[in-house]
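Colleague: Here is how the chains run, residue by residue.
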Amino acid sequence: MKRNSAEKIVLYLLLAFFVILFLFPIYWAITTSFKSTGQIMKVPPEFIPSKWVLQNYIEVFTKHQIGTYFLNSMFVAITSTACAIIVATFAGYGFSRFKFKGRAFWQYAIIVMRMVPGLVFIIPYYIIFQKLGILDTLFTLIIVYVTAALPLAIWLFMGFFDELPTEIFEAARIDGCNEFNTYWRIALPLIVPGIVVAAILVFLAAYNEFSLSLVLIFTDQNKTLPLGISGMIQLQKDTPFGTLAAAGTIAFIPALILALTTQKYIQAGITAGAVKG
Amino acid sequence: MKKKFNLILICLLSLSFVLSACGGKSESSSEPAEPQAEFKEATVEAPDVLGIKLTDLNGGGTLGGQYAGQKIVVATRTGDFADALKNAAKYFEEASGATVEVQSFPAGNDIEKIQLDLNTGQQFDAVLMPVANIHSYAEGGLVQDLQPYINRIASPNLDLEDFIPSLLKSYGLFQNRLVAFPYKPDSQLFFYRQDLFEDPEIQQLYKEKTGKDLVVPTTVEDFLSTAEFFSQKYNPDSPTKYGYSSMASKTNSRLIWQNRLAAYGGKDVDENFEPAFNNEAGLKAMETMLELKKYAPSEWLQLGWDEANTLFANGDVAMMEQWPGLFSTIEGEQSKVKGKVGFGVTPGGAPTMGGWAIAMTKSAKYPDATYKFLEYVTSKDGELLKIDYTMDPTRTSNYDQPEILNSSPMYPALLDSLSAAQILVDPDVPYVSPKLNDIMENAIQGVLREELSPQEALDEMEENFIKEIKAVGLSL
Chain A
1 MKRNSAEKIV LYLLLAFFVI LFLFPIYWAI TTSFKSTGQI MKVPPEFIPS
51 KWVLQNYIEV FTKHQIGTYF LNSMFVAITS TACAIIVATF AGYGFSRFKF
101 KGRAFWQYAI IVMRMVPGLV FIIPYYIIFQ KLGILDTLFT LIIVYVTAAL
151 PLAIWLFMGF FDELPTEIFE AARIDGCNEF NTYWRIALPL IVPGIVVAAI
201 LVFLAAYNEF SLSLVLIFTD QNKTLPLGIS GMIQLQKDTP FGTLAAAGTI
251 AFIPALILAL TTQKYIQAGI TAGAVKG
Chain B
1 MKKKFNLILI CLLSLSFVLS ACGGKSESSS EPAEPQAEFK EATVEAPDVL
51 GIKLTDLNGG GTLGGQYAGQ KIVVATRTGD FADALKNAAK YFEEASGATV
101 EVQSFPAGND IEKIQLDLNT GQQFDAVLMP VANIHSYAEG GLVQDLQPYI
151 NRIASPNLDL EDFIPSLLKS YGLFQNRLVA FPYKPDSQLF FYRQDLFEDP
201 EIQQLYKEKT GKDLVVPTTV EDFLSTAEFF SQKYNPDSPT KYGYSSMASK
251 TNSRLIWQNR LAAYGGKDVD ENFEPAFNNE AGLKAMETML ELKKYAPSEW
301 LQLGWDEANT LFANGDVAMM EQWPGLFSTI EGEQSKVKGK VGFGVTPGGA
351 PTMGGWAIAM TKSAKYPDAT YKFLEYVTSK DGELLKIDYT MDPTRTSNYD
401 QPEILNSSPM YPALLDSLSA AQILVDPDVP YVSPKLNDIM ENAIQGVLRE
451 ELSPQEALDE MEENFIKEIK AVGLSL
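Same order as they appear, the protein sequences are chains A and B. By my numbering, the letter at position 26 of the first sequence is numbered 26, and the numbering carries on one by one without gaps. By my numbering, the letter at position 10 of the second sequence is numbered 10, and the numbering carries on one by one without gaps.
The set of hints was computed from the structure by calculation and includes no laboratory data. Virtual Cβ for every residue (Gly too), placed ideally from N, Cα, C. Careful, some of the hints might be misleading.
[Stated by the list, open to error] Straight line, CA to CA, 30 Å or less: simulated BS3-like cross-link-like pairs of lysine-lysine: (1) Lys71/B to Lys63/A; (2) Lys336/B to Lys63/A; (3) Lys42/A to Lys470/B; (4) Lys470/B to Lys169/B.
[Stated by the list, open to error] Simulated restraints, written as ranges between beta carbons of each label pair: (5) Thr43/B to Leu260/A: 32 to 38 Å; (6) Ile111/A to Lys336/B: 55 to 61 Å; (7) Lys63/A to Lys336/B: 26 to 32 Å; (8) Leu160/B to Gly133/A: 35 to 41 Å; (9) Gly473/B to Gln55/A: 31 to 37 Å; (10) Arg449/B to Pro124/A: 40 to 46 Å; (11) Gln204/B to Lys51/A: 41 to 47 Å; (12) Leu160/B to Ile134/A: 39 to 45 Å; (13) Lys63/A to Lys40/B: 56 to 62 Å; (14) Ile48/A to Asp400/B: 32 to 38 Å; (15) Lys71/B to Gln55/A: 32 to 38 Å; (16) Asn208/A to Ser298/B: 46 to 52 Å; (17) Asp56/B to Ile48/A: 52 to 58 Å.
Work out the full structure, taking the sequences as your base and the hints as a guide.
Modeller: In structure tokens:
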């Protein structure tokens with residue numbers, strides 16, 4: 001009994017330590033976003049702002065068009081996620097359910113694409129999109145993000161579908177379900193936690209991506225958050241910590257909402273597909 | 001990760017850039033572009049700048065709305081550069097009828113992005129970039145000679161001789177061709193605690209200790225002795241902790257050496273791209289740098305822009321060499337030295353120059369309209385539209401106006417510094433300027449960390465300079 005209490009105390013102390021370790025930077029960014037320049041540079045620092053100011057938020061919306069960047073990022077990330085999940089679930093289902101000639105080859109061909117460093121594609125992408133006349137559009141970003149996300153997503157879904165007992169598919173067939181209905185009505189609902197996890201991975205990858213958007217986007221009205229926030233830093237000028245913190249806090253909102261709303265699926269999704277029966 | 005990305009991108013771009021340059025230079029086109037709209041007299045009005053009425057915002061009467069229907073895309077760095085261009089573009093659009101789109105990219109990635117476009121996509125009609133980059137583009141045939149346009153369609157008020165001569169020479173001219181107009185002048189400045197230098201008690205103390213009068217140092221010898229006097233390490237009575245400071249972190253430290261190199265008669269490279277620093281001047285500049293280290297903060301090698309400026313604004317440092325941007329920190333709400341700082345030319349009298357210039361790309365779709373935009377934003381009145389965006393004037397006539405000269409206590413020193421500056425912060429060697437910067441930084445850091453002797457550092461720098469410059473076929 002005593003041992004259990006001691007273990008619990010150690011456990012809670014460790015948990016508290018890690019919670020502080022992970023949450024303190026977020027807390028610091030949020031509080032910094034509500035401080036004036038003077039408060040930010042104060043030594044010793046103010047852990048709780050003595051005065052809460054909205055100036056940084058006003059500045060990011062009026063001077064830096066953070067609203068446009070945010071909407072662009074959300075549009076690109078949501079569309080990329082939806083497209084990637086639709087295609088990847090079809091592909092994963094196909095690879096998992098059907099045995100066909102060259103199946104292994106195509107599976108590995110897909111994952112090999114994931115192994116090629118993304119930077120190698122930058123200049124070819126640029127030239128191709130330039131020739132097609134679609135540079136500086138959000139559409140180009142969606143294309144490249146979906147392309148980049150598909151290999152991992154397909155392999156994840158292959159694992160999730162492989163986990164489903166074959167008896168379920170046999171029962172569906174006996175009950176007269178065609179292949180699409182089996183996929184749509186039987187298989188997909190059973191891998192929802194996996195879909196959520198894959199969607200989060202794809203969403204965050206698209207939402208945070210910087211290098212490709214830097215090369216493919218030119219105008220302010222098409223910039224995404226990473227590109228827009230990066231442009232707030234100027235050389236030979238004091239770093240605008242307040243506006244950067246405000247922009248970072250705004251950018252953090254979708255991640256926070258995702259974490260809060262999808263929590264129950266995440267653990268199930270992460271472990272699903274890990275062990276093949 | 002970002003650094004890695006930049007490195008790989010730079011390698012790929014450098015390769016394509018060198019290859020494109022090997023492909024021969026394209027002829028600049030100065031043919032008029034269609035469509036040309038009808039000329040209509042236009043009066044453009046802008047708010048007064050520092051009480052000065054801007055009277056020439058119609059290109060000396062040469063714009064007249066005749067560029068209607070033409071669109072110019074100008075590329076630059078995000079922030080003040082883009083904001084200044086956008087502000088001027090409003091008035092240019094009104095006067096010329098053309099449309100101007102300013103596209104901007106984050107600092108640290110802008111150079112790669114713009115170079116990529118110049119080599120492949122060719123969307124940009126004009127670029128506003130650091131001088132070394134503009135000259136690289138000129139060597140690669142990616143920007144146009146402006147002289148044919150000046151001959152044909154220049155404003156009667158262009159007055160090239162009005163540009164500060166050192167700026168027009170260093171920024172605009174490349175191999176005797178005018179490839180750009182100076183846009184943002186930049187020079188290392190000498191910031192010193194005027195209140196301390198003018199304090200009779202401190203003057204008395206200095207006299208007792210050194211036998212000399214305390215004056216704002218202009219020579220290296222005086223610089224070192226005042227730096228020693230204001231260092232508590234050597235003078236416990238000093239009102240400041242450190243006599244001298246600057247940015248000595250990697251990517252910035254070469255300036256400490258460069259600020260003295262020209263003062264001793266050296267150069268980074270000569271007109272044939274041969275290294276010209278492995279000599280007595282280079283050695284003395286290195287030794288001065290090591291002397292200054294004695295009076296600098298102990299964390300000097302970690303000081304970047306924010307850290308170095310904060311230390312000075314906190315009143316811990318008596319003298320500092322820095323870019324003009326330090327002024328806004330000095331005047332900031334947290335500064336303890338607001339109104340207590342004087343400005344001068346870096347001791348030795350040959351500060352290092354930075355600076356940005358604006359040029360027309362070889363692929364400009366409407367070259368006439370693009371030229372007129374370049375001319376407009378750098379004209380006598382046009383350049384005053386950028387003052388509010390930390391872009392200081394480049395023309396002597398503007399500094400001659402008391403409203404301008406008195407608008408910033410820094411301007412007289414800036415004008416003197418720009419006139420005296422001789423070396424560009426980024427060596428003016430096409431294609432390899434960033435690599436040469438890295439070579440210098442590595443060597444200077446080696447000396448500051450006492451891993452290399454000054455002579456070893458100079459030898460290493462020279463050897464690597466020659467290797468890099470020869471690799472792109474520039475050295476004789």
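Colleague: Against this structure, judge whether each hint is valid.
Modeller: Tested hints:
1. Lys71/B to Lys63/A: holds (25 Å)
2. Lys336/B to Lys63/A: Cα-Cα ~29 Å, so holds.
3. Lys42/A to Lys470/B: Measuring from Cα to Cα gives roughly 51 Å; hence the hint is violated.
4. Lys470/B to Lys169/B: holds (25 Å)
5. Thr43/B to Leu260/A: 32 to 38 Å: About 59 Å separates the Cβ atoms of threonine 43/B and leucine 260/A, which means 32 to 38 Å is violated.
6. Ile111/A to Lys336/B: 55 to 61 Å: Distance hint for isoleucine 111/A, lysine 336/B holds at roughly 59 Å.
7. Lys63/A to Lys336/B: 26 to 32 Å: holds (28 Å)
8. Leu160/B to Gly133/A: 35 to 41 Å: For glycine 133/A against leucine 160/B, whose Cβ atoms are near 39 Å apart, the range 35 to 41 Å holds.
9. Gly473/B to Gln55/A: 31 to 37 Å: violated (53 Å)
10. Arg449/B to Pro124/A: 40 to 46 Å: holds (42 Å)
11. Gln204/B to Lys51/A: 41 to 47 Å: Roughly 44 Å apart at Cβ, these two residues keep to the hinted range, so it holds.
12. Leu160/B to Ile134/A: 39 to 45 Å: At 42 Å between Cβs, range holds.
13. Lys63/A to Lys40/B: 56 to 62 Å: With Cβ atoms ~35 Å apart, the hint is violated.
14. Ile48/A to Asp400/B: 32 to 38 Å: At roughly 53 Å between Cβ atoms, aspartate 400/B and isoleucine 48/A fall outside 32 to 38 Å, so the hint is violated.
15. Lys71/B to Gln55/A: 32 to 38 Å: holds (36 Å)
16. Asn208/A to Ser298/B: 46 to 52 Å: violated (38 Å)
17. Asp56/B to Ile48/A: 52 to 58 Å: Between aspartate 56/B and isoleucine 48/A, where Cβ atoms are some 54 Å apart, the hint holds.
Comparing the model with each earlier hint shows violations of hints 3, 5, 9, 13, 14, 16; every other hint is respected.
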